[in-house]
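Relying on the hints, combine the two individually framed chains into one complex.
So the sequence lines, in the order shown, correspond to chains L and S. Counting from 1, one number per residue, gives the positions in the first sequence under the working numbering. Counting from 317, one number per residue, gives the positions in the second sequence under the working numbering.
No lab work stands behind these hints: they were computed from the structure. Among the clues, some could well be false.
[To be verified] Think about it this way: if two alpha-carbon atoms lie no more than 20 Å apart in a straight line, the pair counts; the simulated SDA-like pairs of lysine to any residue are:
1. S/K866 - L/S156
2. L/K76 - S/G485
3. S/K866 - L/S259
4. L/K278 - S/F871
5. S/K866 - L/S261
6. L/K108 - L/S156
7. L/K276 - S/T771
8. S/K694 - S/P789
9. L/K284 - S/D581
10. S/K866 - L/K76
11. L/K248 - L/S281
12. L/K276 - S/T442
13. S/K829 - L/D277
14. L/K278 - S/T442
15. L/K276 - S/H870
16. S/K866 - L/E275
17. L/K76 - S/P789
Computed from a predicted model, the values in this text were never measured in an experiment.
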Amino acid sequence: MPGGHVRVGNYVPALKSPRFPELQSRFVGVECGKFREGEFMFRRWCIGIVGLVLMAVAGQPANGQNPLAGDAKAAKAGEYEFRINCALCHGLGAHGGGRGPDLTRAVKKHTHSDAEMFQVISNGIAGTAMPANGTNGQGVGMTDEEIWQIITYIRSQEVKAPAQAVGNAVHGKELFYGDANCSLCHMVAGKGGRLGPELTGVGGSRTREAIIDSVRNPSRRLAWGLTEATKEFPQEYESVTVVTADGKTIKGVTLNEDSFSVQIMDAGEQIHLLEKDKLRSFQKSRQSAMPVYDVDILSDKELADIVAYLIRVGAK
Amino acid sequence: MKEQGCFESAEMLGQPWKSGPFRAASCAHEAMAFRPCVPRGLKPLQFFSAQRGAKAPLFHGRVKTLVALLTWLIASVFAGNAHAQVTFERLVNSGKEPQNWMTYSGDYTGKRFSGLDQINVTNARTMVAKWVYQTAATGKLETTPLVVDGVLYATAQDDRAFALDARTGRPIWMYQRQLPGDIRPCCGRVNRGLAILGHKVFLGTLDAHVIALDAKTGAVVWDVAAVDYRTGHSFTVAPLGVKNLIVIGISGGEYGVRGFIDAYDAATGERKWRFYTVPGPGEPGHDTWEGDSWKVGGAPAWNTGTYDAATNQIFWPTGNPAPSNRGEGRAGDNLYSNSLLALNADTGKMNWYFQFTKHDEHDWDATQVPVMVDSGGKHLIAQADRNGFFYVLDRTSGKLISANAYGKITWSDTKDAEGRPVAKKEASPTLEGHTVCPGAAGTTNFMAPTYSPQTGLFYVTARDQCDTFSTAPQPYEAGHAYYGSAYFPSEEAEPYRGFLKAIDPATGEIKWKFEHTSPTWSGVLSTAGGLVFSGDAEGNFIAFDAASGKPLWHFQMGGAVYAAPMAFAVDGKEYVAIAAGSAVYVFGLP
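Okay, chain S solo, but in the shape it has when bound (with noise of 0.2 Å):
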């Protein structure tokens, strides 16, 4: 395996403010592929039965042996091996295949719906713990497990990426990247899980590394270093596989990176396409960057975005411009920051965006999925957008068709022409501090939404919270934390509260809303079934009553929620996972 992005150590020996126990960590990226102690001839994988194969004939000879071993492996094969590799025309048709989920949000349009209703309003208040896989990583899971043909496949702290047995969750093959001591990550050493195509799996890591791993062993095929880590580059996102192309996100909006969507063949590892996100000299909007802020305006794109086959258009979101808090030195629009961009596939090229917040001061990412929605003939894309607003956009030209707030915010009271909200003077942050609402963790975040066709509801994890926001002058230094800012729970308001919101997207109306008893981090699965399941900050997994918002059931998995729920079955049966905690639940019925 070629080293690709290994970094010259010696380099930084010159640097002491890099200095620290862990930072010459070698150069040895090359990751490891453990194979844990369970039976190689676990039915999914009918392929590696080295049982059966010890069960052959007891044919002596070389010849027999291999006709023996090649007659048995075709059998197998005909027998209907159930581990198809995943193709692209599988991904436009996953609605076909309820039983597998194979994209981030369960398909391209993003909308987190599973149409499998064998658990249902009925007998949810039935279901049980099936099985929990530890994964003994420290920190929080923002893994949204994949399922292909009775195969769970998610990730977890620290670039682990994991196959279980979806009805056992016995681990097939684990993997753990070995990471240098000096990465980069925000805001937790975190990863959102996987992308599949072909026989492969395909992870983003915190070294800023993309990664191809054999999808039945966990064996390295590729491994390409996108970006220096150093300079605050890391991947969390889950990459999403788009005809033979690996669509991937940066990270990194708190260091000054200049951010970007990259395009890898899936085959090779090759790069296909970039997209900056911060145009450079004579590229359209580089002019809404002061001097040469561009170089480290930010605007990262660490969520997954969705993907319109009928017209070939990736929608993908970005987040804020650096410094986040502080926008002095960054006059202008900033554009692409706080976007959502629609992109040829083929060749990364922009078709049109539509900018959230312009100028923001206020760390609103809008790294929210966009979700694809059509509605009386209209091809629409909705955002529950950070900074407060539920906004819906016709995705064929990304014109503007509504925006709603949907919590509490007092950063705008006014819109414009168009109907986008603009920002009051007085909501930009002080070098003594001041309050607005939305805070800087937003009235949403990158907590995954879902959008039922069954309800035609959108249901959001919501956040009612101020937050102090003061300036602080800061040289941008390569590598080194970039915000800008200071930002403080505010004292004076009211305590932050937390909400499941269930929004008609035909009027930005809130149909109904269930409060937890503190603000989560939990995304939102709905099903066919009329559930819809969330997670809780005090670690309950709870499913609702899509159309009225009643909890129905409720599990305690003892440690908070950061992912977002999927459904699956295997053998005709439905499961609902969820990671929680530093574990990967799995519920179905008794």
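Pulled out of the complex, with its shape left as it was, chain L reads as follows (with noise of 0.2 Å):
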């Protein structure tokens, strides 16, 4: 394939394809929420941090059955039980935020039935971002009732799957480890560079439009890298150049921050580890180290591929 490349070792090698000049010693990072596995996180704006908490969880009823299926005054009073309980993750009309997923996409990751979208609601989804009802420190959570109506309001939303899927998934995959060069930066199972954030989740927590963008403007919401226990907010893949005591510069994007100390990936994908006192000089940027890939770069059709190719392993 034309202007494929091969990664050797931990070396990112200079990109040389026609096709992808501006790619040259830059780096990239997709804009994306993404969640580490086995991380809680979740915030809760009203007053700040959430502790994990235990607490009393809604019971599911015997038949699992929504009682309010299709009453469109549920599914009203269901809008503003999602403003109120779930748009800080999922956004307003379920279409995905900064954290959640996509809740209008007919088919889940984790939940298919009411039945299970009520297990979801009520207990949380291990090792991901989303809570149990009543543990984000705000008292005793949703009422059974309350968890019926979001549903009902979620099915309302639900955008009936496309006869034909968007973007071919396995030209996607070609473009992602070939010709787009996805993969000298982005990881998808296990395979890829380690530069940018991991992406073999991305397609089934993020929206579709989320990645487009994402693609076409990186720096526009910087991706999230480490969230820490009881940090506000996670470090973002925000570009930084320094110069040591010693002379030499290093590029590359934070792995971590704080006022006194730097972690940073360079191209090469080494780790630098820096006493901010010691440094000659320190430069952050929020210009992402990904490059903006427009149109002329990577056509609408090749990004849905990727799209595709992306969402298709997300759902697994």
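Structure representation (structure tokens):
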């Protein structure tokens, strides 16, 4: 395949693809909120951070049927409940937000039936940022009726799956690992680079539109990296340039930072652990290390294929 | 012990919407006092020295033993037991004993300033960790420890309280309340600290009880239910001991409570007065509420106020009207939400009020510590408000002296005739949602500020963050969250920024600022050593030069800071303490 490149060890080769000249000596970082497996992170914007608290959770009716299914009035009540309880992560209109997946998709990763959805809202999803009802430090959480209202609302917002899938996932995979050079910096299912966010789950947790936007406008919202237990904000994929005491310049992305230290991964995937007071200079930028993929570089159809591939992988 | 406030759970069994595995928790609200396996003969508490008792002369016979014991007890007392009771006079004159930290803010003025100067700008860079006390509580610690005569008292998640040897961190006693399973804390199962008065420490609990614990044993002396917790009431605040009273304010602005400030007799737990922060029918201010909205009007009082002995006034701030982000249905100014109240300490009668944010729709509780400052013969009170303005009032009258923005604000661009910032109409939340600065977290929040008489500067943790506010009609339902809203971090806004800012109260000018890596919830301490201390979200505890803002020293504690620092001394050595993660850290010179 023209423009395809092979990675050798930890070295990211200079990119010579005639189709992607601007990729040379630049890094890649897709804007996308990513939840690290095994880490729990949920923010309630009301007053601050929320602790993981064991609290009562609503029980599930024996038959698992939504008693309010199709009830327009319940859907409206559910819309407001959704805003108050869910929209912080899943966005107004359930289209997915900075953290939560798009719930208007007919096919969801964790839930299919109403009963499963009730379970997930009640108990959360272990290993993800989805908390159990009532565990966000806000007291007793929603009633069963309110949960059913929310499910009724979500069902009312669902977009029927298109007859034919958007994009060609097989071609998307070829592009991801080939011509589009995504894999130089992004890993999917254990294969790819380390400089940008790992993308195996991104197709399951982010909207199609959000992924496309992050490829077209990588700096608009930087991706999240490390989240720490009680820290309010996760680390973002900021670009950084430092000059060390011995005059060496290091460019890379921040893995983590505080007022006195910084951890950087450079383009060669080397990790640098630095103390700021020992640096000659330290400069951060919110210009993503990922190049802007405009339509001249990656057509809408090619991008749709890549997104189709990510969604296929992410849905697993 | 009386089971006051022990509610009939059978009544709740008929309410399936409150179902849950832990809900039916028993009525066993009686607290447990744990006694850890530590020698009971710790030096500061020689009263309890069983070991010394055992070394008493080997006399035989009960009478002789009793005489010996009495002799020893008397000798102990006359030997100068350091653990004298904390009288009101000591609290009023706390400046005379800077080795002790006897109220939430260190003294009645709210300055959070320590007169200790052993640790100073010259030697701060040599500070080391002295000890760490792990509470094993999950969540965040918001406690400010008290230290009296070598004993440190603090609290942790789920209404834990403990007393430690302030030099070593070894526990003397530990207490944890058995909480019902269906409490309604707003924002974490937190507690911000104790009050001390006489021989007792006082704790407000998440199930809305006020509890007096014996300062030497942690045993419950009295336990009073202030109100039914199931309607969304709770206590997270550190109470304030004034005269013979324990003053405390309720939490629950997220549940549509009707807010109040209570005063209890420290000796008996009897309630002496209650001031409802939302006036009832016939009371002045009642007409600032539409219809019956006053009944669920909020205006909680969840941060510790200050006290002016000269005028016998308590200054106590109040929080948001409920629902917090939807003004429809509660037309009017909504007094006394988001206000500073001046109350007579003996009666709870209001002398004056000042409302910072009228008819608030952005959750901008005014629950920041009001700091008493005297300047040029004027008796002032300063509050860095959550709405983004730094207010200075005349504390004898409540009249506004100045209001200056100290962070990024978009909600107001005009002031009224008295100089109060006026909200723009378009700042109201909409159904579609739109962006307002500051966001719901505010320019500052509960994190305690400090004022240093040395530098004449007011130091406060600040953040620049904007949120998208959207309304959501929501009926009131007792015990259920009642926001009427949703708010989100605004995607269009700049990244959120957090600062430590030094404000000149005379001018409102920001003399210096230090930008944190990300916004922090840490409070601030200033000391006579020319230092300011604060923590950050990344887990650092930092000493700054109070004059310039230059960081002089830091220590990585491994957990984000949600508490405020304090300073104390034992045996002539100064220490600085702060809670981070789920532990209390104490630092000193090598």
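So, going through the hints one by one against the coordinates:
Of the pairs offered as hints, the one joining S/K866 and L/S156 is violated, with about 56 Å between alpha carbons and a cut-off of 20 Å exceeded. Of the supplied pair hints, the one linking L/K76 and S/G485 is violated, its CA atoms being roughly 55 Å apart against a limit of 20 Å. A threshold of 20 Å between alpha carbons decides the hint, and for S/K866 with L/S259 the separation of about 12 Å falls inside it, so the pair holds. With a C-alpha separation of about 17 Å, the suggested pairing of L/K278 with S/F871 holds against the 20 Å cut-off.
Note on S/K866 and L/S261: the hinted pairing holds, with a Cα-Cα distance of about 16 Å set against a maximum of 20 Å. At roughly 15 Å between alpha-carbon atoms, L/K108 and L/S156 fall within 20 Å of each other, so this suggested pair holds. Restraint check: the Cα-Cα separation between L/K276 and S/T771 comes to about 29 Å, which exceeds 20 Å; the hinted pair is violated. Of the supplied pair hints, the one linking S/K694 and S/P789 is violated, its CA atoms being roughly 46 Å apart against a limit of 20 Å.
A hinted pair counts as satisfied when its Cα atoms are at most 20 Å apart, and L/K284 with S/D581 does not qualify at roughly 57 Å. Pair hint S/K866 plus L/K76 does not hold up; C-alpha atoms about 54 Å apart against a cutoff of 20 Å. Taken as a hint, the L/K248 and L/S281 pair is honoured in the structure, with Cα atoms around 10 Å apart against an allowance of 20 Å. Restraint check for L/K276 and S/T442: the C-alpha separation of about 19 Å stays at or below 20 Å, so the hint holds.
Restraint check for S/K829 and L/D277: the C-alpha separation of about 19 Å stays at or below 20 Å, so the hint holds. Pair hint L/K278 plus S/T442 holds up; C-alpha atoms about 18 Å apart against a cutoff of 20 Å. For the given pair, L/K276 sits about 13 Å from S/H870 by alpha-carbon distance, which is consistent with the 20 Å threshold. Of the pairs offered as hints, the one joining S/K866 and L/E275 holds, with about 17 Å between alpha carbons and a cut-off of 20 Å not exceeded.
Restraint check for L/K76 and S/P789: the C-alpha separation of about 10 Å stays at or below 20 Å, so the hint holds.
Checked against the numbered hints given earlier, the structure breaks hints 1, 2, 7, 8, 9, 10 and satisfies all the rest.
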